[in-house]
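*Asks:* So the sequences go chain by chain: A and B. Everything in the first sequence is counted per the numbering used here, starting at 10 for the first residue and increasing by one. Everything in the second sequence is counted per the numbering used here, starting at 4 for the first residue and increasing by one.
Treat the hints as calculated values from the structure; they're not laboratory data. We put the beta carbon where it would ideally sit given N, CA and C, even for glycine. One or more hints might be untrue.
[What the hints assert, rightly or not] The list that follows gives simulated cross-link-like pairs (lysine-lysine, DSSO-like), each with its CA atoms no further than 30 Å apart:
1) A/Lys81 to A/Lys28
2) A/Lys93 to B/Lys136
3) A/Lys93 to B/Lys149
4) A/Lys34 to B/Lys54
5) B/Lys5 to B/Lys24
6) B/Lys54 to B/Lys29
7) B/Lys186 to A/Lys103
8) A/Lys70 to B/Lys5
9) B/Lys186 to B/Lys217
10) B/Lys59 to A/Lys28
11) A/Lys28 to B/Lys217
[Claimed, not checked] Computed far set for chain A versus chain B, every beta-carbon distance over 12 Å:
12) Gly43
13) Asp51
14) Gln54
15) Lys62
16) Glu63
17) Thr64
18) Glu67
19) Arg75
20) Thr88
21) Cys98
22) Glu107
23) Gly111
24) Phe114
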Amino acid sequence: MHELGITQGILDMAITRAKEAESKKVLQINLVIGEASSIVDDCIQFYFDFASKETLAEGAKLNFTRIPLQMKCRDCGNTFNPEKESWACPQCQKWDVELIRGTEFYMESIEVD
Amino acid sequence: MKVTVLQDIMSANDKIADKNKDLLDKNNVLAINVMSSPGAGKTSLILETIKRLKEKVRISVIEADIASTMDADKIIKEGVAAIQINTGGQCHTDANMFSAALEKLPLADIDLLFLENVGNLVCPAEFRIGTQKNIMLLSIPEGDDKPFKYPLMFSTVDAVVISKMDYLPVSDFNLGQFERVIKGMNQSVRIFCISVKNGDGVADWIKWLETQLKEC
Numbered sequence: 010m011h012e013l014g015i016t017q018g019i020l021d022m023a024i025t026r027a028k029e030a031e032s033k034k035v036l037q038i039n040l041v042i043g044e045a046s047s048i049v050d051d052c053i054q055f056y057f058d059f060a061s062k063e064t065l066a067e068g069a070k071l072n073f074t075r076i077p078l079q080m081k082c083r084d085c086g087n088t089f090n091p092e093k094e095s096w097a098c099p100q101c102q103k104w105d106v107e108l109i110r111g112t113e114f115y116m117e118s119i120e121v122d
Numbered sequence: 004m005k006v007t008v009l010q011d012i013m014s015a016n017d018k019i020a021d022k023n024k025d026l027l028d029k030n031n032v033l034a035i036n037v038m039s040s041p042g043a044g045k046t047s048l049i050l051e052t053i054k055r056l057k058e059k060v061r062i063s064v065i066e067a068d069i070a071s072t073m074d075a076d077k078i079i080k081e082g083v084a085a086i087q088i089n090t091g092g093q094c095h096t097d098a099n100m101f102s103a104a105l106e107k108l109p110l111a112d113i114d115l116l117f118l119e120n121v122g123n124l125v126c127p128a129e130f131r132i133g134t135q136k137n138i139m140l141l142s143i144p145e146g147d148d149k150p151f152k153y154p155l156m157f158s159t160v161d162a163v164v165i166s167k168m169d170y171l172p173v174s175d176f177n178l179g180q181f182e183r184v185i186k187g188m189n190q191s192v193r194i195f196c197i198s199v200k201n202g203d204g205v206a207d208w209i210k211w212l213e214t215q216l217k218e219c
């Protein structure tokens, strides 16, 4: 349950960028979140609708792009999406793997008016 | 009109975390963020560490809980300065809370500072707070499947302390497999197998801490 604090961060960032672009209204906010992150999309939109009241981001829609976990085998170099209960490389069965995608959490862009 | 942003959502938190780390470095304080599920043994590990090191090392503890001062009271009983931060319902400590707690501590008189985070394997992993080392505990009764459920935590910590090892004989916890999984995804991780109850493995943990203190 840390979405409220994070939502405030998203709101501040969007407003700062919108002001820099000399725009009057934020219409959409595009976020990229890796699967390893525990952020709940619906929760953020819910808080955002409250937090953004009477700001230039009021009513903005948040769009989430989820990045699945991706691993790379350090042994054979194979990249793969791990299964729920196994992270062994499906090609060589080794466990020496690196998490290369799925921890992202950033604002990709905003749509402004 | 589309405006490209490409900025990390956690950047505001991370900036404060960097400041916290600078402050700790400047005062030669080694700070350790201790994370785990509720009940894995964070307080017990800290208390045992205090018992073994307090004659040699000046230790202080920041206890973060959603509510109550129970843990801080236990630490203070050991004769060590502890402050409690209540997160007021928040599931983790963020850099800002840690910064406020640091302001209340006489950092020049501290060598080793533990931040006992809120019991939770999910959210604390997302918030860098500025400690030089981040560690987690996983107790045997919790089961060996946890790295798959909390990959962010297991892949980012500096050390995993497997606690309550005295339960291993009556458990189906597959220790070899567990170690293989976390070492696979986190190459530099140190693993300690300890039981505070019977003292097994605690010496290795203490030795690691002493090495970290020297390098700090």
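*Asks:* Hint by hint, say whether it matches the structure.
*Replies:* Going through the hints against the structure:
1. A/Lys81 to A/Lys28: Status violated; Cα separation ~40 Å.
2. A/Lys93 to B/Lys136: Given pair A/Lys93, B/Lys136 holds - Cα atoms ~29 Å apart, limit 30 Å.
3. A/Lys93 to B/Lys149: This hinted pair holds, its Cα atoms lying about 11 Å apart.
4. A/Lys34 to B/Lys54: Since the Cα atoms of A/Lys34 and B/Lys54 sit roughly 58 Å apart, the hinted pair is violated (cutoff 30 Å).
5. B/Lys5 to B/Lys24: violated (36 Å)
6. B/Lys54 to B/Lys29: holds (27 Å)
7. B/Lys186 to A/Lys103: holds (12 Å)
8. A/Lys70 to B/Lys5: holds (14 Å)
9. B/Lys186 to B/Lys217: Distance ~25 Å between B/Lys186 and B/Lys217 Cα, so the pair holds.
10. B/Lys59 to A/Lys28: violated (54 Å)
11. A/Lys28 to B/Lys217: violated (48 Å)
12. Gly43: Violated: least Cβ distance 9 Å, not greater than 12 Å.
13. Asp51: holds (17 Å)
14. Gln54: Its Cβ never comes within 12 Å of chain B, the nearest being 14 Å, so this holds.
15. Lys62: At roughly 21 Å from the nearest Cβ of chain B, A/Lys62 sits farther out than 12 Å, so the non-interface label holds.
16. Glu63: Label holds. Min Cβ-Cβ 21 Å, cutoff 12 Å.
17. Thr64: Its Cβ never comes within 12 Å of chain B, the nearest being 16 Å, so this holds.
18. Glu67: holds (17 Å)
19. Arg75: Since the minimum Cβ distance to chain B is about 14 Å, A/Arg75 lies beyond 12 Å and the statement holds.
20. Thr88: holds (14 Å)
21. Cys98: Incorrect as stated: the minimum Cβ-Cβ distance to chain B is 9 Å, not above 12 Å.
22. Glu107: Contrary to the label, A/Glu107 does not stay out of reach of chain B, its closest Cβ about 7 Å off (not over 12 Å).
23. Gly111: violated (8 Å)
24. Phe114: violated (5 Å)
Hints 1, 4, 5, 10, 11, 12, 21, 22, 23, 24 from the earlier list are contradicted by this structure; the remaining hints agree with it.
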